[in-house]
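Keeping their order, the protein sequence lines are chains A and B.
Using my numbering, the letters of the first sequence correspond one by one to residues 1 to 476.
Using my numbering, the letters of the second sequence correspond one by one to residues 1001 to 1491.
Since the hints were made in silico from the structure, they are not lab data.
Treat each hint with caution, since some may be false.
[Claimed, not checked] Restricting the straight-line Cα-Cα distance to at most 30 Å, the calculated cross-link-like pairs of lysine-lysine (DSBU-like) are:
{"#": "1", "chain 1": "B", "residue 1": "K1442", "chain 2": "A", "residue 2": "K91"}
{"#": "2", "chain 1": "B", "residue 1": "K1442", "chain 2": "A", "residue 2": "K98"}
{"#": "3", "chain 1": "A", "residue 1": "K91", "chain 2": "A", "residue 2": "K439"}
{"#": "4", "chain 1": "A", "residue 1": "K152", "chain 2": "B", "residue 2": "K1056"}
{"#": "5", "chain 1": "B", "residue 1": "K1457", "chain 2": "A", "residue 2": "K98"}
{"#": "6", "chain 1": "B", "residue 1": "K1170", "chain 2": "B", "residue 2": "K1442"}
{"#": "7", "chain 1": "B", "residue 1": "K1457", "chain 2": "A", "residue 2": "K147"}
{"#": "8", "chain 1": "B", "residue 1": "K1442", "chain 2": "A", "residue 2": "K147"}
[Stated by the list, open to error] From the derived model, a few chain A residues whose C-beta atoms are all more than 10 Å from chain B:
{"#": "9", "residue": "A57"}
{"#": "10", "residue": "A125"}
{"#": "11", "residue": "H127"}
{"#": "12", "residue": "E128"}
{"#": "13", "residue": "Q186"}
{"#": "14", "residue": "V188"}
{"#": "15", "residue": "V261"}
{"#": "16", "residue": "G269"}
{"#": "17", "residue": "R452"}
{"#": "18", "residue": "I453"}
{"#": "19", "residue": "A460"}
All C-beta atoms in this analysis are idealised placements derived from N, C-alpha and C, irrespective of residue type, glycine included.
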Amino acid sequence: MLLALVLIPILAAVAILIGWPARFSALVAGGINLVLGLAAAFTSGAGFWNFSAPVLARPEIHLSFGLIDGMSTIMLLLSVIVTFAALLSGKCPEGREKLFYGSSLLISAGAIGAFVARDLFFFYAFHELALIPTFLMIGMLGRGERKAAAWKITIYLGFGSLVLLAGLVWLAAATGTFDMVEMAKQSVDPAAQKGIAAFLLVGFGILVSLFPFHSWAAPAYASAPAPTAMLHAGVLKKFGLYGLLRLAVPLLPEGLHAWLVPLCVLLLGNILWVGFVTISQKRLDGMLGNSSVMHMGYIFLAIAALAGAEGEANEIALPAAVLLMFAHGISIAMLFGLADRIERRTGTLDLQELGGLAKAAPSLAFLFGLVGMASIGLPGLANFAGEVLVFISSFRNYDPAEGLGPVQITCILAVWGVVISAIYMLRAYRNVFQGPVAKSTENVGDLGLAERIPALLLAATLLAVGLFPNLLLHLL
Amino acid sequence: MPAYYLEALTVALGIALLMLEAFGPRDSKKAIGICAAFGLGFILIVSFFAIGPDAKPDANWAQWPLWDFYSYDPLARFYKTFALVCTILVVLMSVDFSSILARFTDHPDSEAATGEYYALPVFACAGMMWMASAKDLAGAFVALELVTITFYILVAYLRRNVGSLEAGVKYLILGALSTGFLVYGIAWIYGATGTMNLAEIGSRIGSLESTVPLLFGIGLILVALGFKIGAVPMQVWIPDVYQGAPTPTTAFLSVGSKAAGFILLIRFLDPLLQSGSPVAGPVILMLAIMAAATLLFGNLAAIAQTNFKRLLAYSSIAHAGFLVLALAAWTPESESGLGSIGTVSFYLATYLLMTLAAFFVLAQVRIQSDSEMIDAFNGLGQRSPGLAMAMTLVMAALAGVPLTAGFVGKFFVFSLAVQAGLWWGVGIAFVAAAAGFYYYFKLIRAMWWNSPGEDAKPLELPQITRVCVIVLTAATVLFGFWPQPILWLLG
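Excised from the complex, chain B in its bound form (with noise of 0.2 Å):
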C-alpha cells in the first residue's frame, strides 16, 4: 500500500467525521471523539504496511512525480507513527474532556457546538503526517499552514471564554507573523540556489558564490521553525497560549505540533549541515545560540511558576532547548551509537508519554477541582494515593531522575554535546536540568508534603483517562529501564 494513503484516509476520515457531526444527533457528540480514536488507530495498524517506491518501483504508482514532494524513509515512518499516536491520545482526552468544551461553546447546556473538536485534531495529524515526509520546502509548508490553520481554530474553540479567545488571537498573529518569515526564507533560498527541494539545495551549496543570501534565508526560516518548536526567540506565545486553550489543545500542540516543527527542522538541516558544507559553521552556531538561550528561559522562568498548566508551558520550552542543543552538536548517525536525528526523536518519544501524562491528569484536575494551580494537587498523595505515585513517576521523568524514560533521552543530549565539546552549551544544560529538578518537584511537594484543602475529595479518573495515565505511566518507567523498543521504531 503506497505510503500517502495514510494522509489520503486520514483526511477522508476527518471529513466523515464532520459529515457525522453536521448530519449525526444533536447530543451525543463523544461518539464522534470515540470514532476518531477507532479511525486514527485504524490508521496507524495500516500504516505498518506502508511502503514507499523504493520497495516496489515498478508499480505504476512509483513513477509518480509526487515522489520528489513526499518520502517515505524510516524518519517518516516513525514521524507518521508519532503524529497518530498523539492524536489517538489527544482525542481521547478531549472526550472526557467534553463536560468543559460543552460549557464554553454555543450551547453551555448541551454538547451540541463541541462535534468539530473531535474532528479538527485529525486534520492536523493529517498535515504532521505530511510535514514528516517533506521533501520540498512548498510541500513542507503547506502541511505546516495546514497543521497551523486547524491550530487556530483549535485554540480558540471555546468561544465562551476569554481566555481562550486570547490565546487564539495571540497565537493567530504571532503564527501569521512566523509564516511570513518562512515564506519570505523560502522565497531567498530559492533566490539563492534556485530550487525548493531539499536535497537538490544540499547538493548546490558547494557551488554558491557567496553564502550570504542562503545564510540570511536560513536565518529566516530558521526563525519561523522556532515559532513552531518554541525556541528563543519565538517562544513568547507559548505561555499564554498555552494557558488560554482548552487542555487537549494544549497537549497536542505541545507535543504534536512541536514534533512536527522538529521533523521539519531535522529536514531542513540535514543537507545543510553534511560534512564539507560551507555554512555549516553559521548555521550550527546559530543553533547554539539558540540552544543556550531557550535552555535558560525555559528552566529559569518555571522556577516562579504556580498555576501548573503555564509551567509546563515553560517546561515544553525547555524541553525544546534540549532537543535544540542535540541539534547544536550536530553528528551523524553511526554504529556506535545515535547520531543527532536520532537523538532527537527518542528525546521527542519519550517527551510525548511523559507528556500526554501529564496533560490527561492536568484536564481532569481542571474539571474536578475547577482549577489549574499547583496548589489544586495539594494533599493528592493523601487522597488518591495511586494517581499521586504516577504522577510523581512522570515529574520525575519530566525532571530526567534517571530509571524513567526522561533521563534516557537526556543522557543521549548530553552524551551528543560532550562528544561534541560544546563545553558552554553543556554547562547551560546542566543548570537547566538543576533548575528543573526544582519546578519539577514543587509539584511533588505539592502533592505528598501539603495538606489537601478544605474541601478536598478524591481524584476520581475517568475510565478512558485512567487506562492512559497507566499506559503511558508505565511505558514511561519501562522505557527508562528498557529503551530498546523505541530504537526498532527508528529502524
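This is chain A alone, in the form it adopts within the complex (with noise of 0.2 Å):
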C-alpha cells in the first residue's frame, strides 16, 4: 500500500542515520519505490493502495493516502522515477554519505507522501519534510555561493509555506473538511473564494517560483548538489501546480477567474522576463536554473486556462498541465544530473570556458542533446505533447465572436517562450560540445556504465512518453 512507498525512503533514511551502508540502502529504497510505484500506476484503480488512520478528532484530520485520480499517479510515478535516477547521481563527498543519501531520501519521501496524501494536512506537511533536508545538502554539500543559497530558498519557501497554510486553512474552514475527495464534493461560498484564492496563488506561486517569487529557485539550484536539484526542481516544485490543479481549480472557480488578469501577466513574466534572463547567463547551472523557472509559466497557462473557461468545461487543461509537469520533471532532472557530470569531468559550468566537449565524451553529448531538444520542445518527447496540448488547451474556449480573450492574447506572448529556450539551450550546446575543443574539455572521460543508467532511464522515459502520450494520458 502507499504507506509503504512513504515509509520505505523515511525508514531507509533512519537506517543510514544509524550506520547501514549507505549508499547501498539508499538504491534498494529507491529501487523497491521505483517498482512500486510502477505497479501502482498500472493498477490504479485497486483499493488495495489505500490507507487512512485517524489522527486528530477534533477537527477531524486522517493521516490517509490514496490515488485520487490520474493526476496523483503521475506526479507518483514522476516521483519514484527522478528518485531512482537522483540517488544514482551526483558524487558524494567523502565521509558525507549519510548526510547525502538520508537527505535526498528524505526528499524523496516528502514529495511521494505531498502527491499521494488524501489529507490537507499531511498534503501540506509531508511536502514540508523536504525542507530541512534541502536546507543541509544546499547549505553544506553545495557549490558556489551555498550558504546564501540555502538560506534565501529555506527562509522565502518557508514564508511561502505559511502564506499557503493560511489559505489551505480558510479552505478547509470553507468546505469544512480536510478530506481532498470530501471537500471536492464541496462548494465553497464565492465571497470568500477571491481571498482564499489569493493566498493559494501566492503561497503556491512562491513555491513553484511564479514570477516575481521567483529569486529563490536560480541560486538554490545551481548551488545545489545534483540529487538536491534533481529532486527539487524536477518534482518537488510541482507540489505546487499539483496543489492548484487539484484544490484551486475545481473548487475555487469564481476566484481564480477574479485573478485571471494578474495570473496571466505574472505567467508571462516567468516566460518572457525570466526567459530573457536565462538567455543572459553565463554559466550552464545559471541557464538551467532560470530556465526551469521560465517553463513553470507553460503549466500556469494551463491553469489560466482553466480559470478563464468560466463555467465551460475545457478538457484538454488539465490532462495538458499533468502531461507537462511530467515532462518537464523528468527533462529537467536529467539537465541537471547531465550538468553536474559536466562539471565533475571538466571543473567549470562557464560557457565560455568550454568547448568541443563532444569529442571527448560522445555519449554526454547525445543523451545532453536529447534532452536539450526535448527542453526546447522537438516532437517526438514528452515536452512537446505537454506544450502543445497547454497551448492548445488556451485556445479551447476561444469564440471567434468574442475576440481575444486575456488567456488568447497571453497564449500568443507565451509561444514565444519556445523561440526563447531555442535560443539558450541550442547556444549553450553549442558553446558546451560544439567548436574548438577547450583546454578544460581535452582529456575528459565520457560516461561510465553507472552514470549512464539515470541518464538513459530518463531519457527512455522521454521518448515514451513523447511517442505514445496515452501512455500516461489514459490515466486522466
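Reassemble the complex: the two chains are provided individually, in unrelated frames, and hints are given to aid placement.
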C-alpha cells in the first residue's frame, strides 16, 4: 500500500543514519519504490493501495494515502523515477554519505507523501518534510554561493508555506473538511473564494517560483548538489502546481477567475522576463536554474486556461498541465544530472570556458542534446506533447465572435517562449559540446556505465511518453 | 479522592523535602531531587483519580465553601497534569545540573547548599496547580504569589554568581511591579462589579451602567498577566532574567510559569468574552495589539542573538505571541474543531515537549563546554551525531516545521486566526514564523555546517538527561503525526 511508498525512504534514511551502508541502502530503497510506484500506476484503480488512519478527532484529520485520480498517479510516477535517477547521480563527498543519501531519501519521501496524501494536513506537512534536508544539502554539500542560497531558499519557501497554510486553513474551514476527496464535493461561498484563491496563488506560487517570487530558485539550483537539484526542480516544485490543480481549480472557479489577468501577467513574466534572463546567463547551472523557472509559466498557462473557462469545460487543460509537469520534471532532472557530470569532468560550467566536449564525451553530448531538444519542445519527446496541448487548451474556449480573451493573448505571447528556449539551449549546446576543443574539455572521459543508467532511464521515459503520450493520458 | 488533596500532598511533599534537606546528610543532596521527582510522580498518578464535587455531590467535602474558590473541571485537570510533568522534568534537570549549583552556592566544593533547589520547585508546582483551579480573583492572586515568590528564590539561587543575582533583582522588581498592577486591577474590578468570583463577574457584566471602570481594571490585569506570560508590554525582563537564572529555573519559568499565567488568563477572559458581553470588543482589541507586538518583538529580536539561552528567552516571547493571537481570535469550543482555550492548551503541551528538550541539552552544554553561546554547538553533528539529530528535530519543532508537534500547535493557531478574520494578525504571524525559520535554523547550521572548535569533544549526556531528551524528542515527532493523545488529555 501507499504507506509503504512513503515509509520506505524514511526508514532507509533512519537506517543510514544509524550506520547501514549509505549508497546501498539508498539504492535499494529507491529501487523498491520505483517498482512499487510502477505497480501502483499500472493498477491504480485497486483499493489495495489506499490507507487511512485517524490522527485527530477535533478537527477530523486522518493520515490517509490514496491515488485520487490520474494526476496523483502520474505525479507519483514522476517522483519514483526521478528519485531513482537522483540517487544514482551526483558524487558524494568523502565521509558525507549519511547526509547525502539520507537527505535525498527524506526529500523523496516528502515529495511522494505530498502527492499521494488524501488529507490536506498531511498534503501540506509532507511537502515541508523536505525543507530541512534541502537546507542542509545545499548549505553543506553545495558549491559556489551555497550558504546564502541555502538561507534564501529556506526562508523564502518557509514564508511561502506559511501563506499557503493560511489559504489551506481557510479552504478547509470553508468546505468543512480536511479530506481532499470530500472537499471536492463541496462548494465554496463565492465571496470567500477570491480571498482563498489569492492566498493559494501566492502561497503555491512562491513554492513554484512564479514571477516575481522566483528569485530563490536559480541560486539554489545552481548551488545545490545534483540529487537535490534534480529532486527539487523536478519533483518538489510540481507540488505547488499539483495543489492548484487539485484544490484551486475545482473548488475556487470564481475566485481564480477574479485573478485571471494578474495571473496571466505573472506567467508571462515567468516565460518572457525570466526567459530573457536565462538567455543572458553565462554559466550552465544558472541557465538551467532559470530555465526551470521559465517553464513553469507554461503550466500556469494551462491553469489560466482553466481559470478563464468560466463554467465551460476545458477537457484539454488538465491533461496538458499534468503531462507537461511530468515531462518537465523528467527533463530538468536529466539536465541537472548531466550538468553535474560535465562539471565533474571539466571543473567548470562557464559557457565560455567549455567547448568541443562532444569530441571527448560523445555519449554525454548525445544525451544532453536529446534532453536539450526535449526542453525546447521537439516533437517525439514528452515536453512537446505537453506544451502543444497547453497551447491548444488555451484556445479551447475561444469564441471568434468575442475576440481574443486574456488567456488567448497570453498564449500568443507565451509561444515566443519556445523561441527563447531554443535560443539559450542551442547556444549552450554549441558552446559546451561543439566548436574547438577547450583546455578544460581536452582529456575528459565519457560517461561510465553507472552514470549512463540514470540518464538512459530518464531519456527512455521522455521518448516513451513523447512517442506515446497516451501511456500517461489514459490515466487521466 | 477530592481534588484539593493534590495541592495538599504537593505542599506536604515540599515540606518533607525541606525537612530532609535540613536534617539529612550534608553532602548527597541530589537524593532530595530524586525523592522530589518520585514524590511528584506519585502525585501525578494519584491525580488521575481525583474528583470534583460533581462526581460525588453527597460527600461531606462536596458541600464546603472551598468549591467557590477552587474548581475541578477538565481544564483544571489538564493544567495540573501539565504542572506536575513540567516540575518532574525540571527537577530531573536540576539533578544533572548539580555541579553548577554546587559551584555557585555557599560551599563551592560540596553540594551542601543546594538541597533547597530541589524542594522549591515543588512549592511552585503546588501554586501552579492551584492557579489551574482558581475560580476567584483573590484565590488566583494568592496562588500566583506563591509561584512568583518561589521563583524569586529560584532565579537568584546561585548567590555566588553575579548574573543570577542580577537576574533575581530584576525579576523581583518587575514582579513586584506587576503584582501591584494585578492587585490594583482586581480592586477596580471588584469596585465595578462587586464580586471577585469570575463566574459572577461574567453574569454581572451585562447589568453595568458603564463599562469604563471594568475596562480599566481589565487592562491593568492584562498588563499584570502579560508579565507572567511574557507578552508585550511586560516582556522586558525575560531576556536578562532567563539568561542569568540557573538553566533548570529558566526552563521552569519558560514552560511552567508561562502555562500558569495562561490558564489564569484563560479563566479570566472566559466570562468576559462570552457572546453578548459589552466588553468583548475592547478586550479583543487589546489582545490583538498585544499579540501583534509580542510576535514582532519576540521573533525579530531573536534574529540577532548569539547566546542560545538568550535566544530561547526571545523564543519564549515569540511563542507567547502565538498563544495570545489564539486568544485574540476568541472562539468557543465546538464539535468540529478546537476553540481558543483548546488551542492554547494544546500549543502549551507541545511547547513543553520541545522547550524542555532544548533546555536539557543546553544545561549539559553549559556544564561540559562552559558556554551557552550558539558557538558551543559548533560541529555537534560530527562530535555527537545522535544528539545533533535530536536537537535538529527539536529546533525544527520550535520553528514549526510540519510533522513535528510544534507545527500542529501553530496550525491550530493559524486556523483560529484565519477563521476569525484577523488578517493583520495572520500577516504578522507570517513574518514572525518566517523569522523563526532563520533563528532556530542558526543552531542547526552551527551543529552541521560549522566545524567543531579546537578542543571540542563529544557531548556525553548523563543517564537521566539522555532518557529525558530521547523521550521528549520522540514525543515531539510522534505528536506531529498523531496529536490525538493530547486531545484526550484535554477531555
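Evaluation of the provided hints:
no.: 1; hint: B:K1442 / A:K91; result: holds, 27 Å
no.: 2; hint: B:K1442 / A:K98; result: holds, 21 Å
no.: 3; hint: A:K91 / A:K439; result: holds, 23 Å
no.: 4; hint: A:K152 / B:K1056; result: violated, 61 Å
no.: 5; hint: B:K1457 / A:K98; result: holds, 21 Å
no.: 6; hint: B:K1170 / B:K1442; result: holds, 29 Å
no.: 7; hint: B:K1457 / A:K147; result: holds, 26 Å
no.: 8; hint: B:K1442 / A:K147; result: holds, 12 Å
no.: 9; hint: A57; result: violated, 6 Å
no.: 10; hint: A125; result: violated, 3 Å
no.: 11; hint: H127; result: violated, 8 Å
no.: 12; hint: E128; result: violated, 4 Å
no.: 13; hint: Q186; result: holds, 14 Å
no.: 14; hint: V188; result: holds, 14 Å
no.: 15; hint: V261; result: holds, 23 Å
no.: 16; hint: G269; result: holds, 23 Å
no.: 17; hint: R452; result: holds, 33 Å
no.: 18; hint: I453; result: holds, 31 Å
no.: 19; hint: A460; result: holds, 34 Å
Hints 4, 9, 10, 11 and 12, counting from the list given before, are not met by this structure.
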